[in-house]
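Following the hints, position chain C against chain U.
The residues making up each chain are set out below.
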Amino acid sequence: MLLQLNNISKWIQSGGQKVFLLKDIDLWVHEGDFISIMGPSGSGKTTLLNVIGMLDDFNQGEYTFLDQSVHTLKEKHRSNLYKQYIGFVFQSYHLIDELTVKENLEMPLLYKKHGGSERKALVADMLDRFNIVGKKDLFPSQLSGGQQQLVGIARALIANPKLILADEPTGNLNSKQGEEIMEIFKELNNEGVTIIQVTHSEKNTSYGSRIINLLDGEVV
Amino acid sequence: MIRNYIKMAWRTAIRQKQFTILNILGLSIGIATCFMIGLYVYSEMTYDAFHEKADRIYRVNQPNIWRNWDNLASNTGPNVAIALRNDAPEFEEVTRLLSIGNQIVRSEHNNEISIYNEQQYFAAEENFFKVFSFEFLQGSPAAMAEPMSLVMTKRTANRYFGEDNPIGKTIDVKDWEGVWQTYTVRGVLEDVPYKSHLQFDMLVSLSSFSDQMQRDGWKWIWTAFSTYGLVKEGTDMKALTNKIQSIPPKWAPPTTERIFNQSFEEFTNGHPWTLDLQPLKEIYLSESPDFHFFGPTGNPLFVTIFGAIGILVLVLSSINFMNLSTARSSKRAKEIGVRKVLGSKRKALIKQFVIESTIFVLVSTFLALILVQLSLKTFNTIAEVQLQLLPNLGRPVFLGIIVLFVLILGIASGSYPAFYLSMFQPVETLKGKISNRFRGKGVRNGLVVFQFTISIALVICTLFVQKQLAYTSSLDIGFKKDNILQIHNIEQIGFDTQILKEKLESSPAFSKVGKSFGLPPNIWSGDRYKAKNGKNEVVQLRNVRTEEDYLDLLGVEFVAGRNFDPSRSNDKYKVILNEEAVKLLGWATEETFEANSSIGKIVALASGDEDEFEVIGVVKNFNFNSVRQKIWPLVIIHHQNDKVWDYGAGLSFYSMRLNPEIVKSKVDLQKVINDVKTDIAQIDPSIPFEYSFMDQEFENTFVAEHQMGNVLNIFTILALIIACLGLFGLAAFTAEQRVKELGIRKVLGAKVSELALLFSSEFAKLIVVSVFLATPIAYFLVDDWLTNFAYRTPIDFWVFVIAALCAFLITMVTVSFQTIRAASANPVDSLRME
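Protein chains in written order, with the numbering used here: chain U, 1 to 220; chain C, 1 to 834.
If you are wondering where the hints come from, they were derived from the structure by calculation, not from laboratory data. A hint or two may mislead.
Said to hold, decoys possible - Dumping the calculated BS3-like pairs for lysine-lysine here, alpha-carbon to alpha-carbon at most 25 Å:
(1) C:Lys-345 - U:Lys-120
(2) C:Lys-347 - U:Lys-76
(3) C:Lys-331 - U:Lys-74
(4) U:Lys-112 - C:Lys-7
(5) U:Lys-112 - C:Lys-351
(6) C:Lys-345 - U:Lys-74
(7) C:Lys-7 - U:Lys-136
(8) C:Lys-347 - U:Lys-112
(9) C:Lys-503 - U:Lys-102
(10) U:Lys-120 - C:Lys-351
(11) U:Lys-162 - C:Lys-512
(12) C:Lys-351 - U:Lys-113
(13) U:Lys-113 - C:Lys-7
(14) U:Lys-135 - C:Lys-7
(15) C:Lys-53 - U:Lys-102
(16) U:Lys-112 - C:Lys-345
(17) C:Lys-331 - U:Lys-102
(18) C:Lys-347 - U:Lys-74
(19) U:Lys-113 - C:Lys-347
What the hints assert, rightly or not - Chain U is nowhere near these chain C residues, computed Cβ spacing over 10 Å in every case:
(20) His-51
(21) Glu-93
(22) Leu-230
(23) Gln-386
(24) Pro-396
(25) Glu-491
(26) Ser-761
Being a predicted model, the structure only gives us computed values, none of them experimental. Beta carbons are placed, not taken as given, at the ideal position from N, Cα and C, and that holds for glycine.
Chain U extracted, bound-state conformation (with noise of 0.2 Å):
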């Protein structure tokens, strides 16, 4: 078991009245899993997301994380259990525009202190799996969006997690592309990794295992 969230609730008040925007969710996640997340606009996927990557609070549930109750840990022992075991993949890539792909993929290195040879290694290790050696030295403008979604997954993983969130991480793309990103999860998945996305695409879910429906912040 990798995490289980049990009778998670999440609500903001407004006007003196709780609007729900997590009501109850029940979720367990095994290593291995590829689970997607799905539901229209506002249905909270994006929030649950957000509460599994301990991102974003919530206000009454248990969520415990390969055995530890991230609930009643603090924050900062919170962010270094997501730090050292999450990678995030966002919809709109979020690489930072002023660093070239190799110092991209290195930045997460660089804040768990890894030596220098180290980071290198590694870094060329993540290139070279990707085939984007010939483009290790350009600024994320200069790629395609697939290209640097590319980049994006290279960075969330680099530091070997052992879950990656992905956002609508095809979002942006357009079909090719998407498929091409698809297929590396997939990839991914096949080697371990345990990977959660959310989606609006119905195609998209057909790499993943399992499928979660939300609406109105409940699961359906």
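Okay, now just chain C, sitting in the frame of chain U:
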């Protein structure tokens, strides 16, 4: 990691060129201003530090025994030193300098006669060089032991003797009786350093004047000396000061009795005759005494004003820096979010931003140093100082200060943006939410208001300084000071100058010619007088000898009686008073002023001999000193009055009123001056020809204020530029923030002009607040400054209005670029982002 930060800083800087340039430019100007002022203040505060024993040297000050016992004066009689040597063994040395005024010096070298009017010519005692460390190039301090010997600086030696060795050569100096005295050059000194309160070209041995100094009567009242003491190491200065207070009452009584026929107590009239020991390094910048005979005095008020401005400008530009960096954060929100998600801790982010701002400060500092070096020459000219940057750069202390400065400023101005930027939740920043929830607005507006308050206050102060200067130069001073040419050194011709006068009068260029023994605005001499049959009280009056023509030439107005009349030989023992003198002598009061009341009354000298003079006229008050001061009581003495002690002594001048119908151009004027020069040379070729114009001399009394005005102008403009840079950056930022709002308004039907008004009104509000804050501050400062002057320009309301309008205009011009851009943007572009 650091490398990554630096790389990031560099690439961000390049990407956001506008912000980077604004930031660096503003900060560089601020730092450069601060450094420049720092150099100035440092220079002013370290005068006389080059003397090896500077910490043990003190000047002996005493009350001004002639005029105002409450004022401390830097000059003493010769015997203060003798008494100190006798009674205070704490002094290792006590030495004296004697001021003897300008001297006509002649020398013959290689068959060429050179004559100069030496201004920086003093007499020094033989132990002078045991106290002060002026460097000998040739000769030795022993040179000053013998009478009729002198030392001169290298520059002066060059002037007289060229490249030849001056040692053993002689020069002739005209003494008080007009006899040439021969002095031998026994030493050559390195030129006196710029930062010395003693500035001399020649020093003659004080022993040359031993006769005069031995005269009993003069020992305590010949106050043309400055006395300096070198105390032994470890001296308790407080105890020593207390101890020497007993000296004047013990030693001075024989002098007061002999000269004034008064006991010591009568002479001091209850005022304590104190002796004050002033540390050497404090002399230059001291407020009291504010004057001495031997060189320049600094202006502590300027140092304070400029020190404050330097710090203010630095604060202004640091605020800009913080403001712009914070404003920039929306652009970097995504980066911060990504970094956080990828594992950066808050501390690491803070570190990153502080390092980034330190790099900015470092670059700006470097630019600032270049700026300072480039503008140093101009600044030196305007402020009339000799500041240097490069020699200081080599000194570790100075470098240390710069490094410290960079670190402190970098951390201080980087920390607010750093803490602020690192505070965001990553989820929010990734969504770009931060822009809409920007909370620093109040702070940023507050900072802009602060900046503009200072800038506007400075503008108001600057306007009033200029207004006061214009006011003082346009004041009616009681006579017509324009078009008066004055020739100096007339006393060198001798007392009878009728031949010269006739020559001058024959020239059609002059409508009036008159001789006087003093020239406004520099009539300082005075004496003790009392009114016979009035208040029988001794009062201090200024006095000046003139002939009747001089008063006509000035055009002073007689309110009672008449001018001297050359056809009445008795007139030479008559005097003319000004209105103030009539009041002070007790013949009239402010309320019931009646000028005629004094005609025929008797004024008597109260300095020993009680010679009596009849008053024949009263002139309306006129400013014979700078208009900085109130008009002092004045007695005008006939030029041939031989009963007053200074008969036959002192400087004299011929003044000529130019006839504007003959002297129409500069060329004419130069010709007139050349003619006068020829006339004098025909009478005596050894007389140095010097001339001046009275209106210029009056202007010169405000030279310090003009200088301050100029420097203030520069700094005010700099402060305005910095404030505008900040405003420009803020406007750009706000435009970006509100692009969506403006887009929506436009889609809903707003016109460009309406949007522009909406947008600029936000800044207009800030300026209005600044004006309201700046007005009382400026009023207080201006009011305080104006108390330095006897004649003050009124603090008019319209000046404040002008300053406010200027600030408004500048603001609108500054933000208009952004306003127009934001208002005319196509809403399709701005709304598409969502």
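Quick rundown of the hints versus the structure:
1. C:Lys-345 - U:Lys-120: 22 Å, holds
2. C:Lys-347 - U:Lys-76: Holds, at roughly 12 Å.
3. C:Lys-331 - U:Lys-74: Not satisfied, since the Cα-Cα distance of roughly 30 Å exceeds 25 Å.
4. U:Lys-112 - C:Lys-7: 19 Å, holds
5. U:Lys-112 - C:Lys-351: Holds, at about 16 Å.
6. C:Lys-345 - U:Lys-74: Given that 25 Å is the threshold and the Cα spacing comes to 14 Å, the pair holds.
7. C:Lys-7 - U:Lys-136: Judged against 25 Å, a Cα distance of about 16 Å means the pair holds.
8. C:Lys-347 - U:Lys-112: Measuring from Cα to Cα gives roughly 14 Å; hence the hint holds.
9. C:Lys-503 - U:Lys-102: With a Cα-Cα distance of about 95 Å, the restraint between Lys-503 of chain C and Lys-102 of chain U is violated, given a limit of 25 Å.
10. U:Lys-120 - C:Lys-351: 24 Å, holds
11. U:Lys-162 - C:Lys-512: The given pair, whose Cα atoms are some 107 Å apart, is violated under the 25 Å limit.
12. C:Lys-351 - U:Lys-113: 15 Å, holds
13. U:Lys-113 - C:Lys-7: The given pair, whose Cα atoms are some 18 Å apart, holds under the 25 Å limit.
14. U:Lys-135 - C:Lys-7: OK: Lys-135 of chain U and Lys-7 of chain C at ~19 Å, within 25 Å.
15. C:Lys-53 - U:Lys-102: 65 Å, violated
16. U:Lys-112 - C:Lys-345: The hint holds at about 10 Å.
17. C:Lys-331 - U:Lys-102: 22 Å, holds
18. C:Lys-347 - U:Lys-74: This hinted pair holds, its Cα atoms lying about 17 Å apart.
19. U:Lys-113 - C:Lys-347: Measuring from Cα to Cα gives roughly 14 Å; hence the hint holds.
20. His-51: 57 Å, holds
21. Glu-93: At roughly 68 Å from the nearest Cβ of chain U, Glu-93 of chain C sits farther out than 10 Å, so the non-interface label holds.
22. Leu-230: 64 Å, holds
23. Gln-386: 47 Å, holds
24. Pro-396: Label holds. Min Cβ-Cβ 35 Å, cutoff 10 Å.
25. Glu-491: 79 Å, holds
26. Ser-761: 32 Å, holds
In this structure, the earlier hints numbered 3, 9, 11 and 15 are contradicted, and the remaining ones agree with it.
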